[in-house]
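Mind docking chain B on chain A? Use the hints.
Chains as they are written, first to last, in the numbering used here: chain A, 1 to 279; chain B, 1 to 321.
Hints in this document: simulated from the structure, not taken from any laboratory.
Even glycine gets a Cβ: it sits at the ideal position worked out from N, Cα and C.
Watch out, some of these pointers could steer you wrong.
Stated by the list, open to error - Here are some, though not all, of the chain B residues that point toward chain A, as calculated from beta-carbon distances under 8 Å:
id : residue
1  : G90
2  : L142
3  : A164
4  : F230
5  : T234
Said to hold, decoys possible - Below 25 Å or equal to it, Euclidean Cα-Cα: the simulated SDA-like pairs (lysine to any residue) are:
id : chain 1 : residue 1 : chain 2 : residue 2
6  : B       : K59       : B       : F199
7  : B       : K59       : B       : L94
8  : B       : K59       : A       : V129
9  : B       : K59       : A       : L134
10 : B       : K59       : B       : S73
11 : B       : K59       : B       : F40
12 : B       : K59       : A       : N130
13 : B       : K59       : A       : Q140
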Amino acid sequence: MRDPLSFRVLRVVGLSLLSLFVLAPIYVMVSSSLKPLGDVQGEFTWIPSTLTVQPFVDIWSTIPLARYFANSLVISLLATLCSVVLAISAAYAISRYRFRGRSAFRVTVLSTQMFPGILFLLPLYLIFVNLGQLTGFALQGSRVALVITYLTFSLPFAIWMLVGYFDSIPRELDEAAHVDGAGPVGALVRVILPSAAPGIAAVSIYSFMTAWGETLFASVMTNSTSRTLAIGLREYSTQTNVYWNEVMAASLVVSVPVVAGFLLLQRYLVQGLTAGAVK
Amino acid sequence: MATTTSTPGVVAGRRPPRRPRSVLAPRWLPYALLAPALLFELLVHIVPMVTGIYISTLKLNQFFVRRWLEAPSAGIDNFSVALNFDGAIGSSLLRSFGVTFAFTVATLAFSWALGMFAAVLLQRDFRGRALLRTLFLIPYALPVYAGVITWKFMLGRDNGMVNALLGDLGITDGDTFWLLGGNAFASTVVVAVWRLWPFAFLTLMAGLQSIPNDVYEAAAVDGAGLWQQFRSFTLPMLRPVNQVLLLVLFLWSFNDFNVPYILFGQSVPASADLISIHVYQSSFITWNFGVGSAMSVLLLLVLLVITAVYLPLTNRRLRDA
Numbered sequence: 001m002r003d004p005l006s007f008r009v010l011r012v013v014g015l016s017l018l019s020l021f022v023l024a025p026i027y028v029m030v031s032s033s034l035k036p037l038g039d040v041q042g043e044f045t046w047i048p049s050t051l052t053v054q055p056f057v058d059i060w061s062t063i064p065l066a067r068y069f070a071n072s073l074v075i076s077l078l079a080t081l082c083s084v085v086l087a088i089s090a091a092y093a094i095s096r097y098r099f100r101g102r103s104a105f106r107v108t109v110l111s112t113q114m115f116p117g118i119l120f121l122l123p124l125y126l127i128f129v130n131l132g133q134l135t136g137f138a139l140q141g142s143r144v145a146l147v148i149t150y151l152t153f154s155l156p157f158a159i160w161m162l163v164g165y166f167d168s169i170p171r172e173l174d175e176a177a178h179v180d181g182a183g184p185v186g187a188l189v190r191v192i193l194p195s196a197a198p199g200i201a202a203v204s205i206y207s208f209m210t211a212w213g214e215t216l217f218a219s220v221m222t223n224s225t226s227r228t229l230a231i232g233l234r235e236y237s238t239q240t241n242v243y244w245n246e247v248m249a250a251s252l253v254v255s256v257p258v259v260a261g262f263l264l265l266q267r268y269l270v271q272g273l274t275a276g277a278v279k
Numbered sequence: 001m002a003t004t005t006s007t008p009g010v011v012a013g014r015r016p017p018r019r020p021r022s023v024l025a026p027r028w029l030p031y032a033l034l035a036p037a038l039l040f041e042l043l044v045h046i047v048p049m050v051t052g053i054y055i056s057t058l059k060l061n062q063f064f065v066r067r068w069l070e071a072p073s074a075g076i077d078n079f080s081v082a083l084n085f086d087g088a089i090g091s092s093l094l095r096s097f098g099v100t101f102a103f104t105v106a107t108l109a110f111s112w113a114l115g116m117f118a119a120v121l122l123q124r125d126f127r128g129r130a131l132l133r134t135l136f137l138i139p140y141a142l143p144v145y146a147g148v149i150t151w152k153f154m155l156g157r158d159n160g161m162v163n164a165l166l167g168d169l170g171i172t173d174g175d176t177f178w179l180l181g182g183n184a185f186a187s188t189v190v191v192a193v194w195r196l197w198p199f200a201f202l203t204l205m206a207g208l209q210s211i212p213n214d215v216y217e218a219a220a221v222d223g224a225g226l227w228q229q230f231r232s233f234t235l236p237m238l239r240p241v242n243q244v245l246l247l248v249l250f251l252w253s254f255n256d257f258n259v260p261y262i263l264f265g266q267s268v269p270a271s272a273d274l275i276s277i278h279v280y281q282s283s284f285i286t287w288n289f290g291v292g293s294a295m296s297v298l299l300l301l302v303l304l305v306i307t308a309v310y311l312p313l314t315n316r317r318l319r320d321a
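Chain B extracted, bound-state conformation:
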């Protein structure tokens, strides 16, 4: 796998596409080929997002769900409720955004660091390298609920493996509540990192393959230490990979729903109340769809601002893609 020197997409990305020859093709043909894909993306993503903005201006509760088009208008009331940080709903929304940012920074940092560490350690061939590479991909390949539900079992107070391990090692007294209170935050980060770091590893490993080996040999001859080699060759050459990787890791962590949902079910502790699950519970547990949609719109705005700040950095690459 790692011995492949070029990936098809990368090759294609470097070579400017040749002028097309379309003697046989009518002008409408490409549009007809794209139409089905576009239709479904519009139906499932774009139209509902626009509808969601409309719903955020409605008084929508369980009485109107089946005939939501008849729900009375709420003006900007839903937004006033969601943004009133003195009220219960607004303050918990603000707290949820804070928790989500902290979670995202921690998950991104650990996933990237572990991925980089493993990719550098596996950069050069040694016995067992292929086996480890496959092994490290397993958390990413497992269905998310199978992996996370196992962690839920492991983090249980009375019958969990984590408490048994820490107790046996004498680190704690072995009866910590990992899924309650402040500990829930750390648990959520650990589980999310476990699932996410293999992706960082994969991407960075592929990026490292594009660095020619003689760069390192020359550096070693010049007496550069390993840390120096990493600083002056590896990191700069991985810059383009890192730009995209960090954005992807950010979006996946920020939008994470599965980990808290599977770990905690209906009763998510405040410290692990990520924004996706917060909006979900505000909508589907309390049946307050109008306010839930207003929160969604605010989330959309936050994501747009973040990417608007970040994208100019990677803009060229996205356009080339």
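Isolated chain A (complex conformation):
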């Protein structure tokens, strides 16, 4: 069936305008990152006067970008690892067992998603201060505090999504593993995990993206040694000057890992996102 002409015209025009809206900031980011400083301080120019990769060299010395990058990487990877392990464990319990409190647990965990971070930012900060005083380990300002915080942000969605994946794995496979002498954990490791690998990959990239982009808690809970990219990138603005070409170069550099990961795994993430949203 051929689409009517009017629909095809609408499609070309509509999708072109949307593409421009989506791409304009991407174009500004990429082109400005290749401009000399003079180009970004005057009126905006569509084409760089000269192409230079100098901003990509300078970003590392203007601010301690490598340290912020390392902080973000360590925090995001640890938060992802913990979140995925806890989510696998919880999702396995929900998918394979019926027990008292099962739905209460799901409602509690999901409901934490609806409240803004600002509601628990300050009390959590104070609790970390107290825990620090009790244990002698300064939690506030440490990377550990951010890992703990970030892992809970992606946990509800990760559990929700993995329950969907686990439910779709036939129970006969568990039973076969039991016949072979595997316990519950053995069945999880030998049967469920390999079958749910795409889901686990998708949950991982989601958790990583969540931690990598988080701004609110990073703005309060980090100090100069634990600062992450979300806060560090602001330092390209000084009292007198904003190094916009470096800001754009740095934004590009910090975006590449997550965008690449997202685009690689988008198929599985989309399945999980929509499974969550459609239900």
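Below, chain B alone, put in the same frame as chain A:
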């Protein structure tokens, strides 16, 4: 991606879970498996929220932060201050709620409309469809600060791309302050929509795939126009998707902190003073944590009322989830 006919979660949602067989598992096993996840959710979300209610009854300022348990009680003073709409603090809180509602309605409406528009246009296959679908997801995949900081650069008065574009096209004279005064509201909405609409697009696109193609073919044979097809098949069949999508879009817009924080830093114009950033600045800029917590409690109440009104609509789905 879009050619997948069934998603695992959806399949699972439709099939009632079978009776478990747990010959090998002791009764405590599921609880042990859930405990770590529950512990962290309690520590980071539930306990602090309850603590926040307690803090809202304290006279808590910078002198008491390190030993906040010793802060003197304030009774309901913090609430009186926050709710005194004749005073400076109360009136700006009220204004912030108003701005937040306006922002939420605008962001939700535009994000949903753009997402629906794109999803319908990409419903049937044509050359370049897969490329566009990937392209449209990029704003959602970018780290929020990278995307928003680029917009901040674009919206600058003297060296921004937006003024250059509008000036070149002759629409404005090209020296508008986009990040000041009333314009800041429109700028914030545009940036938020840019980030959010791909999610609406994604969700609606997946929802559209569940509508069988022959419905449209039959309708076309009967002479139904495209708009009629959209009205009588597409929209009704997307109803369950829309119920959840609108709630998610609402909560994300209403709770948005990142967009105004990254666009404006410490000096947020009144027209873009969303509630999250308002509470943040009331607490961390003025160090008035008691009043800040009272505002948080009020925000919590507003959100609870809104979801209590909305949730009965989606209740069944949430329980099934």
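A quick look at each hint next to the structure:
1. Proximity of G90/B to chain A is violated relative to the hint, the smallest CB-CB distance being about 18 Å (cut-off 8 Å).
2. Restraint check, L142/B versus chain A: the minimum CB separation of about 5 Å is within 8 Å; hint holds.
3. Hint status for A164/B relative to chain A: holds, with the closest Cβ pair at about 4 Å, below 8 Å.
4. With a cut of 8 Å, the hint placing F230/B at the interface with chain A is violated, because the nearest CB-to-CB distance is about 11 Å.
5. Below 8 Å, beta-carbon pairs count as interface contacts, and T234/B has none with chain A, the closest being about 13 Å; its hint is therefore violated.
6. Proximity of K59/B to F199/B is assessed by CA-CA distance (about 42 Å); at most 25 Å being required, the pair is judged violated.
7. Among the hinted pairs, K59/B with L94/B is consistent with the structure: their alpha-carbon atoms are about 22 Å apart, no more than 25 Å.
8. Restraint check for K59/B and V129/A: the C-alpha separation of about 18 Å stays at or below 25 Å, so the hint holds.
9. With a C-alpha separation of about 23 Å, the suggested pair K59/B and L134/A falls inside the 25 Å cut-off, and the hint holds.
10. This hinted pair checks out: K59/B and S73/B have alpha carbons roughly 6 Å apart, not beyond 25 Å.
11. The hinted pair formed by K59/B and F40/B fails the criterion: a straight-line CA distance of about 29 Å is larger than 25 Å.
12. The straight-line distance between the Cα atoms of K59/B and N130/A is roughly 18 Å, inside the 25 Å bound, and the hint therefore holds.
13. Between K59/B and Q140/A the CA atoms are separated by roughly 22 Å; this keeps the pair inside 25 Å, and the hint holds.
The structure fails hints 1, 4, 5, 6, 11 (numbered hints given earlier, in ascending order).
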